[in-house]
Every structure is written in structure tokens, then in C-alpha cells.
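*Asks:* In my numbering, the protein residues as written are 1 to 103.
It is worth saying that the hints were derived from the structure and are not from the lab.
All figures in this text were calculated on a predicted structure; none of them were measured in a lab.
Treat the hints with care, since some could be wrong.
[Said to hold, decoys possible] Ranges of calculated distance between the beta carbons of each label pair, as one might list FRET restraints: (1) Q28 - P59: 24 to 30 Å; (2) H17 - D47: 17 to 23 Å; (3) S19 - A60: 18 to 24 Å; (4) I23 - L57: 29 to 35 Å.
Note that CB positions come from ideal geometry on N, CA and C, so glycine has one too.
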Amino acid sequence: RAFPSGHLLDTHILEWHDSLFQILAERQDMYQCLVEGCAEKFRTGRDRKEHLVTHHLYPADFRFDKPRKGGGYVAGLAEAASWAQQARECADSCHLTSRLVVG
């Protein structure tokens, strides 16, 4: 499998292959934000998805953490990385536009 970033690979290994992950997730926030550079952690994958939608502008119907036909988990993570890049570009251009208009 190929992951679009080291961050997403590390997240996959932790959540899918670490035998202690589920035990620890019952007691503390373990689900890391999928956006590289965001340090937020959440109690559930659902809480993480809500964060991605509200803070990183992912579409509400985005299925980044569930197996998908024709690509599976890795394809979903690749799509997540693409959305994250688009959100960063949008935020950068919106910030630049506001500086140009106001300044």
C-alpha cells in the first residue's frame, strides 16, 4: 500500500495495527486529526470527522475512514490528503484576498 504522506501512514498504523490503540481509545483521546500539522486528538472517529468538516472544510459526506469499493482505506486517505491541500490553498487565498482588499 502507498500512503500520500508519512502522517497518514503513521495514523493508519496506529489505528489499524496497534493492539493497544482500542484499549487506550476507551480511556483517552486517541484519534488524531488527519490534517498534517493539526495536533488535535479525539475520543472517536466520529468526533474527528466533525472536526475535519467544521475546521478543515471537508465535505460532510466525506468517507475518509471507512473502506470504499475500488480503493479501500488507502484511497480514502489519499482523497483526504487532496481535500486537506485544497482547504489549505483556499485558506491561504482567502487570507491573501482579505489582506489585499483591506490593506
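*Asks:* If a hint holds in the structure, say so; if it doesn't, say that too.
*Replies:* For each hint, the structure was consulted:
Checking the proposed 24 to 30 Å range against Q28 and P59 shows it holds: the Cβ atoms sit about 29 Å from each other. With their beta carbons about 22 Å apart, H17 and D47 fall inside the hinted range of 17 to 23 Å. S19 and A60 have their C-beta atoms about 32 Å apart, which leaves the hinted 18 to 24 Å range violated. Roughly 33 Å separates the CB atoms of I23 and L57, a value that falls within the hinted 29 to 35 Å.
In this structure, only the earlier hint numbered 3 is contradicted, and the remaining ones agree with it.
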